[in-house]
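Sequences are here, hints too, so could you generate the full structure?
Number of protein chains: 2
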Amino acid sequence: MSLPTQPYRGARDFYPEDKRVQKYMFSVLRRVVESFGYQEYDAPILEPIDIYIAKTSEEIVNEQTYSFTDRGGRSVTIRPDMTPSVSRMVAGRRQELAYPLRWYSIPNLWRYERPQAGRLREHWQLNVDLFGVSDLPGDHEIILVADSILRTFGAKRDSYEIRINSRLLLNWLMLEYLRLEHSQAVSFMRLIDRSEKISAKEFSSLAESLLTPTQRETDTLQRLVALLKVKRLVELPLVTQQHPAVGELEKLINLLQNSGIANVTFDLSLARGLDYYTNIVFEVFDKHPDNNRSMFGGGRYDGLVAEFGVDPVPTVGFGMGDVTLSNFLKIHKLLPELAPETDAVVILIGDIYETVQKTLANFREEGLRMAVDTTQRRLDSRIKSAAKSGVPYVIFIGHDELTGRRFKLKDLATGNEQELSLERIVAKIAPRHRPNRGVV
Amino acid sequence: MSLPTQPYRGARDFYPEDKRVQKYMFSVLRRVVESFGYQEYDAPILEPIDIYIAKTSEEIVNEQTYSFTDRGGRSVTIRPDMTPSVSRMVAGRRQELAYPLRWYSIPNLWRYERPQAGRLREHWQLNVDLFGVSDLPGDHEIILVADSILRTFGAKRDSYEIRINSRLLLNWLMLEYLRLEHSQAVSFMRLIDRSEKISAKEFSSLAESLLTPTQRETDTLQRLVALLKVKRLVELPLVTQQHPAVGELEKLINLLQNSGIANVTFDLSLARGLDYYTNIVFEVFDKHPDNNRSMFGGGRYDGLVAEFGVDPVPTVGFGMGDVTLSNFLKIHKLLPELAPETDAVVILIGDIYETVQKTLANFREEGLRMAVDTTQRRLDSRIKSAAKSGVPYVIFIGHDELTGRRFKLKDLATGNEQELSLERIVAKIAPRHRPNRGVV
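Protein chains in written order, with our numbering: chain A, 907 to 1346; chain B, 907 to 1346.
Please note: incorrect hints may appear among the correct ones.
Remember, identical chains collapse to one label, so a pair may be satisfied in a single copy or spanning two.
[Said to hold, decoys possible] No farther apart than 20 angstroms at their CA atoms in a straight line, the calculated lysine to aspartate or glutamate pairs in the EDC-like style are these:
#1 K925 - E1002
#2 K929 - E946
#3 K1103 - D1125
#4 K1236 - E1002
#5 K1062 - E1271
#6 K1314 - E1329
#7 K1157 - E1260
It should be emphasised that the hints constitute simulated quantities derived from the structure, not laboratory data.
This is how it looks when you write it as structure tokens:
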């Protein structure tokens, strides 16, 4: 019985045309985050399971991790999230590192869940983190980086929206304003997180079930529903206006709008599932009618590094997945046509394999990327193979070309043929390198 | 109790200075293999265990894989080797793909073994494969690519050696010349593979134990030992000289030497552990006295794609691990000094965070990669942090600089300071991009 050729369910094979798209996306990500002074790091895809138990949500650890016992008896997990790993690494060199510390990575992450549009079991995720800045410029910069990425891909301001909230404010509203117990507040925040995905009626009944009989008799639920209708900071109940988190949110939104980010809004229903956020949280939403959804987000998590037994380090960051990003780029028609990594197929005519080596080496030394067709097939089937591979040009080399030092170059898109010197061919079709400009 | 900060045993954290080395190595690998017309692909790190059982060596599958059962009851493995995955992908599109097909990848691979110098549990491995070329030009090109990589890193010809053998020849010698049973031949090839690592006495006693009583009475062992002393094709027993594999090896060695590769030798003791090789095999050895070892290798495996139920595709390829490669580059002093991805730290003077945004955006648009220090610390401790981070320059921006459009630039290596315009700073310290020339 032969083996199946499909990849593991919920994961992807990247054939060269798919890999090119990923490489293009990653090169833009790297260019933008490096323009903000972030440096790349990496960590192993296997981690001890303990680092997720501490702070990742229970749902992920108990139901969605790829966890197993290794041959030495250690409980390990294929990372579902990079934040615990990067916190571990910063804690490991807490004293030696220079702050503010700007780090990024594009790790491969795995979660066992039902594959669906925009969510696979396996994805890559840009992680951008700023360590050692406890005040607003940190939050501002992180959101600016996220915005700059989408803008550098060519996204228009009206195609997405940045929604901001404060976990400090949300906590205060839950515990002090609505007078909920801590465990109730946690359940409510999860419910609020889902509020856009369920009906108002379902929301009410689920919310009702979380309340004590006493709370049900008071106006707790009505006050919660009223809160979730708030669209602007000034609409918050008067007693809330004095809370410092409101002033912070106001300043942050102003700072972002003054940086040209008009598409930023306050959203009190934004809680973000992960338990480790401590203050500002944000999410970026796609506004395309066919893809109206949260794409990615982040926020401040000042407590995570200290879980590894060192002094706390204020941290703000975000993660951006490659599946949601590529969906966004596709639906907004922002993916350019990408040429293959090969400039030309060289078709050898006659028995010249040994004598042509020097010339091939010359082409490569000059920067041409070329695949040599050494097969003895008919000329037209060799040209057909070259065209099928997506490579744009064919160079024919036979004995005469080797002695005359002029080579026939065929443009497979137009069918045009020219006889040119090695230098002219290189100048015409080898990759041109431009400086990394244009980060916006 | 706090969580430990070490990475999983046998795996590595890549702090930015380590990641830079890896990025440099990978960029050279990509540049060289793309100059030969190879295109990048990728596959998931998790694969069904079945694809390894078919052809990877039993030792790896039974003792060294990270295998487990997923939450849906599937037996999966974290890939120890990329060849089964790439064979699966080619088989999946056997008819649609254009041949010759040149593919490469730099996957992350895992094997559960005792970590030691040059071998970790986790590594990256460049995989280069040429599909659809059944004759010598295929083998020649693959070895040329491997050689070109080391040369492009700056390695000298006398610092490494390329050893070549033929599994066809080795099989014939085992089965026909020495008249061993198939299972004996397999055990002998594994033993031969280890022959450089054990003493001659140990080798003899292990070899003896593999023979039948009848074989022990004849001169089987002596003839085997004599064979392993052969250093050149002409020294092979006369009866062997007629075997077609000998002529092929001779042609290949000549072809390589005519391509300038003087450091190529025949090595009959070269078997390579993996069961899927069918013909030419090769290994590259480091000749440095302190690192005298096999670095990497490959060969022809014409049968693997057909395991997935399609017509066979002739294939030749090699894999090169990042741990052995970086050891080679370090011991031969071939790793250049690598600058961080950040050109400058911007130190803000006074309360200008909001007004400086436009200027910072201008710097980024022009291609400068810079980290902004927004902290309110003393100037000298901010300069100290910048120096500690390894970033080469500091730019000071206060209210006067914003209005005068000239900025103080400090070279942290020399201490020199200059007042320059934005354009001059960019021209002086932003990355310059050169064409990808110089593949040798």
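For each hint, the structure was consulted:
Taking identical chains as interchangeable, the C-alpha atoms of K925 and E1002 lie at most 20 angstroms apart only when they sit on different chains, with a minimum of 17 angstroms there against 37 angstroms within one chain. When the C-alpha separation of K929 and E946 is checked against a cutoff of 20 angstroms, the pair qualifies both within a copy, at 16 angstroms, and between copies, at 9 angstroms. Proximity of K1103 to D1125 under the C-alpha cut-off of 20 angstroms is found in neither arrangement, the shortest distances being 24 angstroms within a copy and 80 angstroms between copies. Taking identical chains as interchangeable, the C-alpha atoms of K1236 and E1002 are never at most 20 angstroms apart, the minima being 43 angstroms within one chain and 24 angstroms between chains.
In this assembly of identical chains, the alpha carbons of K1062 and E1271 lie at most 20 angstroms apart only when taken from different copies (17 angstroms versus 41 angstroms within one copy). Taking the shortest Cα distances, K1314 and E1329 sit within 20 angstroms of each other inside one copy (13 angstroms), while across copies they are farther apart (44 angstroms). Taking the closest pair of Cα atoms, K1157 and E1260 come within 20 angstroms of each other only across two copies (11 angstroms); inside a single copy the shortest separation is 71 angstroms, beyond that limit.
The structure is inconsistent with the numbered hints 3 and 4, although it conforms to all the rest.
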